[in-house]
Amino acid sequence: MIALFEILIEVCVTGGKTKKVEKARRKFLKIVSHILGGALAAGILAPLAGFLAHPLLKKTVYGTEDFIRLGSIDDFPIGIPKKMPVTSSKMDAWNIFEGLVMGSVWVIRQKDNSLQVLSTNCPHLGCGIDWGADVNKFLCPCHEGVFDIQGKVLSGPSPRSMYSFKTKIENNTVLVDYKNLI
Amino acid sequence: MANQVYEWIENRTGIGNVMKHALDEPVHGGARWTYVFGSGLIFLFILQVITGIVMACFYSPSSTTAWGSVYYIQEKTSFGWFVRGIHHFGSSAMMIVAIIHFFQVFVYGAYKKPRELNWITGVILLLILMGFGLTGYLLPWDQKGYWATQVATNIIGTIPVIGEYIKVLHQGGSDYGNFTLTRFFALHVFLLPLSLLFFLVIHVALFRKHGVTPHWKLSKQELRNRIDPFWPDQVFKDIVFAMILYAILAGWVFWNGGAELQSPADPASNYLARPEWYFLFLFQLLKYCQGNLLIVGTVILPTLAVTFLFVLPFIDRNPLRDPSKRIPFFAVISSGMVGAVVLTVASIHHDKHDTHILHQREDSEIQAARAMKLAAAGISPAGGMSIFLNDPIYLGEKIFKANCNGCHMVKGAGGETAPDFTDFGSRQWIAGLLKNPKDKKYFGESGTMPPVQLPEESLLDISEFLASLSGKLHEGDPGRIERGRELVMKGQCAICHPVGDKNAQKIAPNLTGYLSDEWLKEFIKTPADRKFYGTRNKMPGYEDTLNDKELDSLIEYLNSLSKKQPAVSLYKKQERTLTGYVYSQYGSMGILCPEIVITGYQMRP
Numbered sequence: 001m002i003a004l005f006e007i008l009i010e011v012c013v014t015g016g017k018t019k020k021v022e023k024a025r026r027k028f029l030k031i032v033s034h035i036l037g038g039a040l041a042a043g044i045l046a047p048l049a050g051f052l053a054h055p056l057l058k059k060t061v062y063g064t065e066d067f068i069r070l071g072s073i074d075d076f077p078i079g080i081p082k083k084m085p086v087t088s089s090k091m092d093a094w095n096i097f098e099g100l101v102m103g104s105v106w107v108i109r110q111k112d113n114s115l116q117v118l119s120t121n122c123p124h125l126g127c128g129i130d131w132g133a134d135v136n137k138f139l140c141p142c143h144e145g146v147f148d149i150q151g152k153v154l155s156g157p158s159p160r161s162m163y164s165f166k167t168k169i170e171n172n173t174v175l176v177d178y179k180n181l182i
Numbered sequence: 001m002a003n004q005v006y007e008w009i010e011n012r013t014g015i016g017n018v019m020k021h022a023l024d025e026p027v028h029g030g031a032r033w034t035y036v037f038g039s040g041l042i043f044l045f046i047l048q049v050i051t052g053i054v055m056a057c058f059y060s061p062s063s064t065t066a067w068g069s070v071y072y073i074q075e076k077t078s079f080g081w082f083v084r085g086i087h088h089f090g091s092s093a094m095m096i097v098a099i100i101h102f103f104q105v106f107v108y109g110a111y112k113k114p115r116e117l118n119w120i121t122g123v124i125l126l127l128i129l130m131g132f133g134l135t136g137y138l139l140p141w142d143q144k145g146y147w148a149t150q151v152a153t154n155i156i157g158t159i160p161v162i163g164e165y166i167k168v169l170h171q172g173g174s175d176y177g178n179f180t181l182t183r184f185f186a187l188h189v190f191l192l193p194l195s196l197l198f199f200l201v202i203h204v205a206l207f208r209k210h211g212v213t214p215h216w217k218l219s220k221q222e223l224r225n226r227i228d229p230f231w232p233d234q235v236f237k238d239i240v241f242a243m244i245l246y247a248i249l250a251g252w253v254f255w256n257g258g259a260e261l262q263s264p265a266d267p268a269s270n271y272l273a274r275p276e277w278y279f280l281f282l283f284q285l286l287k288y289c290q291g292n293l294l295i296v297g298t299v300i301l302p303t304l305a306v307t308f309l310f311v312l313p314f315i316d317r318n319p320l321r322d323p324s325k326r327i328p329f330f331a332v333i334s335s336g337m338v339g340a341v342v343l344t345v346a347s348i349h350h351d352k353h354d355t356h357i358l359h360q361r362e363d364s365e366i367q368a369a370r371a372m373k374l375a376a377a378g379i380s381p382a383g384g385m386s387i388f389l390n391d392p393i394y395l396g397e398k399i400f401k402a403n404c405n406g407c408h409m410v411k412g413a414g415g416e417t418a419p420d421f422t423d424f425g426s427r428q429w430i431a432g433l434l435k436n437p438k439d440k441k442y443f444g445e446s447g448t449m450p451p452v453q454l455p456e457e458s459l460l461d462i463s464e465f466l467a468s469l470s471g472k473l474h475e476g477d478p479g480r481i482e483r484g485r486e487l488v489m490k491g492q493c494a495i496c497h498p499v500g501d502k503n504a505q506k507i508a509p510n511l512t513g514y515l516s517d518e519w520l521k522e523f524i525k526t527p528a529d530r531k532f533y534g535t536r537n538k539m540p541g542y543e544d545t546l547n548d549k550e551l552d553s554l555i556e557y558l559n560s561l562s563k564k565q566p567a568v569s570l571y572k573k574q575e576r577t578l579t580g581y582v583y584s585q586y587g588s589m590g591i592l593c594p595e596i597v598i599t600g601y602q603m604r605p
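Note that the protein sequences, when read in sequence, are chains L and A. Sequential numbering of the first sequence, starting at 1, is according to my numbering. Sequential numbering of the second sequence, starting at 1, is according to my numbering.
Check the hints yourself; a few may be wrong.
As the list claims (entries may be wrong) - In silico negatives: residues of chain A with every beta carbon more than 10 Å from chain L:
#1 LEU206
#2 PHE314
#3 ASP316
#4 PHE388
#5 GLU416
#6 LEU561
Stated by the list, open to error - List time: in silico DSBU-like cross-link candidates among lysine-lysine, alpha-carbon distance up to 30 Å:
#7 A:LYS502 <-> L:LYS27
#8 A:LYS287 <-> L:LYS19
#9 A:LYS20 <-> L:LYS30
#10 L:LYS27 <-> A:LYS373
#11 A:LYS490 <-> L:LYS30
#12 A:LYS237 <-> L:LYS30
#13 L:LYS58 <-> A:LYS373
#14 A:LYS490 <-> A:LYS502
#15 L:LYS23 <-> A:LYS373
#16 A:LYS20 <-> L:LYS20
#17 A:LYS209 <-> L:LYS23
#18 A:LYS237 <-> L:LYS20
#19 A:LYS502 <-> L:LYS23
#20 L:LYS27 <-> A:LYS20
#21 L:LYS30 <-> A:LYS373
#22 A:LYS20 <-> L:LYS23
#23 A:LYS373 <-> L:LYS59
#24 L:LYS19 <-> A:LYS209
#25 A:LYS521 <-> L:LYS19
#26 A:LYS220 <-> L:LYS23
#27 A:LYS373 <-> L:LYS90
Everything labelled a hint here was simulated from the structure, so no lab data went into it. No residue lacks a Cβ here, since even glycine has one placed at the ideal position from N, Cα and C.
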């Protein structure tokens, strides 16, 4: 605006094209170019940013059940850990996947029919944990981690006991909350 | 602080000098609005690049995922439809501005010595632009792109000797598949942009070397008298032009509600392929080059035209730029342009007046709308087409086309020996039948029913009643139905047609539950049953040909033909318990769980 006034005053005073008028005119054009260019860039970038930020604003993967069915209670022997695959449905962006294997868990049925469901991944660095039937212990082969049947760390590098999951039994069906580690 | 940072960078890079050198370029003869088209093209190219990069964050190039990901961009994201629209129509905008730029360069004689290479790189850039349009069209893997691109790759195949090899290389095999998409995607986002950038840098560098080509009438003295710096005099005009371009483009996208997305590519369909408008002249040209002459339209004429453009600066060696001194070249270029315009207009005109094409367009729009609704429930990993696998209307249409279309017509396509099923089961359709059963549209000469000679109003009453028998009537008028019932039961209809007892037999079809799903099913199974046409039947029975599911689908399709029925089968809402949570797989909104209701929200005008 200042540049515009400069031009006006100068034109009024001199009544024509002087170097000063030219200079002021260019200054004005520079300011307006910056403003218009900025507005144009904003008008282009705003919808692009909104679009790109879609995964921040809305879920792109969803539809997994809160409690996933593992099987009937009778499928699990008392006192012996059994490895079970966890399958669920999942909406992944545009795709719907039904019966997708999401991972697996160790299920131990106690004498009182209560259940303990442990993660198959070692809390140390995520290796798969095996059940050593001969020694009655969980063994992680990567760095020789050893856990007891409750998942408590006995030896090895693991900083904590094995992760477990919340479970419930409804109508003899075992359900596990696979999304949340305990 | 900002100054210090600038100083630090300046001391190490000298970027200020580079900028100064780039922006202080003198524009001889003064900055002009006529010079904005080249920079307008660069602006549009940048716009295509950034919208393209953002879309690439969502796009997935394979024959099973491409359509789904574009559907997701279009329907599920905020602004995705807008960004895609800008990218889609941006290609058209580039083509328009490029043609203006091209024509202006020709009129100004800017291809003449020493600017021959400017011109040649410009022609190359124009060809690359067409390559972008061609490769981008296929990427959504919808009907339109799939079939139009088939035509293009088959044209490549007509090139003598090497054509077939180039075609297979482009397709990534002898037929369309995953590799077609990965290759077209690679061309569209890597090879073509890099090539364009390469030639663009040369094009712009040469432009800076030789400067603008001013109007041919300006004398050297006049050019020397007025010299404006590129910044801000010309840049200001360029920015204003870029703003106008973007405003028009954004307005166009809003007006159209974004770019079109047709239903997923179906290799089994017979879709009428039409390319993007800037290829229509080539497409139309092929109609006149038939049989052995095909190669004239596909290879010889385009090659001649492109060759002419390449050698133009070398045949027009006269340094004078005044158009009046270049009449023959104007004649060649103008006739080429006029020819292209005439062919384009001819193609559009033809398509606008061909009822077959119009019907096909209408159908594909309905199909696209159906695809959008079905896809909302999630697309199975089998790919876009799989959304139709369980859609009874789609299945029904297929069954109808395979079994019924030979005799029954729908929307102008099909045989004429049996009733026309356009708008089947609607009040108007029934009223027309009553009025004149011997009409070509209904039973023709084989019709034995006499026309119902009653006033128009009474005919509508009867058809309202008959339509109500199906139990599917939308917004039925109870008064009309009652009057219609009186007319049918007490009039002459009931002499031949049994109404009320499902198994009663008279000489004409039993109308109990007329056009209901059950009635249609029994009828299609055994039209020669004595409760229908008996011995006078001409239609084959489908009891052994179609199973129950197929019959249900066929009937669902027949129901959909009447305008009062929804175009998308809404599937009776099946609540399904799936280990722990409840969702209805095919609810009208595709409600999987409450979350989707939120994600289904979108910014659309």
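Against the structure, the hints:
1. Even its closest Cβ contact with chain L, about 25 Å, leaves A:LEU206 beyond 10 Å, as expected for a residue assigned away from the interface.
2. Every C-beta of chain L lies more than 10 Å from that of A:PHE314, the closest at about 40 Å, which supports listing it as non-interface.
3. With a cut of 10 Å on Cβ distances, A:ASP316 stays outside the contact zone with chain L, its closest approach being about 37 Å.
4. Listed as outside the interface, A:PHE388 is consistent with that label: its C-beta sits roughly 15 Å from the nearest C-beta of chain L, beyond the 10 Å cut-off.
5. At roughly 43 Å from the closest C-beta of chain L, the C-beta of A:GLU416 stays outside 10 Å, upholding its exclusion from the interface.
6. Every CB of chain L is more than 10 Å from the CB of A:LEU561 (nearest about 30 Å), matching its label as outside the interface.
7. Restraint check for A:LYS502 and L:LYS27: the C-alpha separation of about 91 Å exceeds 30 Å, so the hint is violated.
8. Between A:LYS287 and L:LYS19, the direct Cα distance comes to roughly 63 Å. Violation of the 30 Å bound is thereby established for this hinted pair.
9. For the suggested pair A:LYS20 and L:LYS30, the alpha carbons sit about 14 Å apart, so the restraint of at most 30 Å is met.
10. Distance restraint check for L:LYS27 and A:LYS373: the Cα-Cα separation of roughly 55 Å exceeds the 30 Å cut-off, and the hinted pair is therefore not satisfied.
11. With a C-alpha separation of about 89 Å, the suggested pairing of A:LYS490 with L:LYS30 is violated against the 30 Å cut-off.
12. As the CA atoms of A:LYS237 and L:LYS30 are separated by approximately 11 Å, the hinted pair is consistent with the 30 Å bound.
13. Using a Cα cut-off of 30 Å, the hinted pair L:LYS58 and A:LYS373 holds, with the two alpha carbons roughly 20 Å apart.
14. For the hint pairing A:LYS490 with A:LYS502, the CA-to-CA distance comes to about 19 Å; that is within 30 Å, so the pair holds.
15. The straight-line distance between the Cα atoms of L:LYS23 and A:LYS373 is roughly 61 Å, outside the 30 Å bound, and the hint therefore fails.
16. Note on A:LYS20 and L:LYS20: the hinted pairing holds, with a Cα-Cα distance of about 21 Å set against a maximum of 30 Å.
17. A C-alpha spacing of about 26 Å is found between A:LYS209 and L:LYS23, which places the hinted pair at or below 30 Å, so the restraint holds.
18. Between A:LYS237 and L:LYS20 the alpha-carbon distance is near 21 Å, which keeps this suggested pair within the 30 Å criterion.
19. Taking the CA atoms of A:LYS502 and L:LYS23, the gap is about 96 Å. The hint is violated against a cut of 30 Å.
20. Between L:LYS27 and A:LYS20 the alpha-carbon distance is near 16 Å, which keeps this suggested pair within the 30 Å criterion.
21. A threshold of 30 Å between alpha carbons decides the hint, and for L:LYS30 with A:LYS373 the separation of about 51 Å lies outside it, so the pair is violated.
22. Restraint check: the Cα-Cα separation between A:LYS20 and L:LYS23 comes to about 17 Å, which is no more than 30 Å; the hinted pair holds.
23. Restraint check: the Cα-Cα separation between A:LYS373 and L:LYS59 comes to about 20 Å, which is no more than 30 Å; the hinted pair holds.
24. Proximity of L:LYS19 to A:LYS209 is assessed by CA-CA distance (about 28 Å); at most 30 Å being required, the pair is judged to hold.
25. Taking the CA atoms of A:LYS521 and L:LYS19, the gap is near 91 Å; set against the 30 Å cutoff, the hint is violated.
26. The hinted pair formed by A:LYS220 and L:LYS23 meets the criterion: a straight-line CA distance of about 25 Å does not exceed 30 Å.
27. A threshold of 30 Å between alpha carbons decides the hint, and for A:LYS373 with L:LYS90 the separation of about 19 Å falls inside it, so the pair holds.
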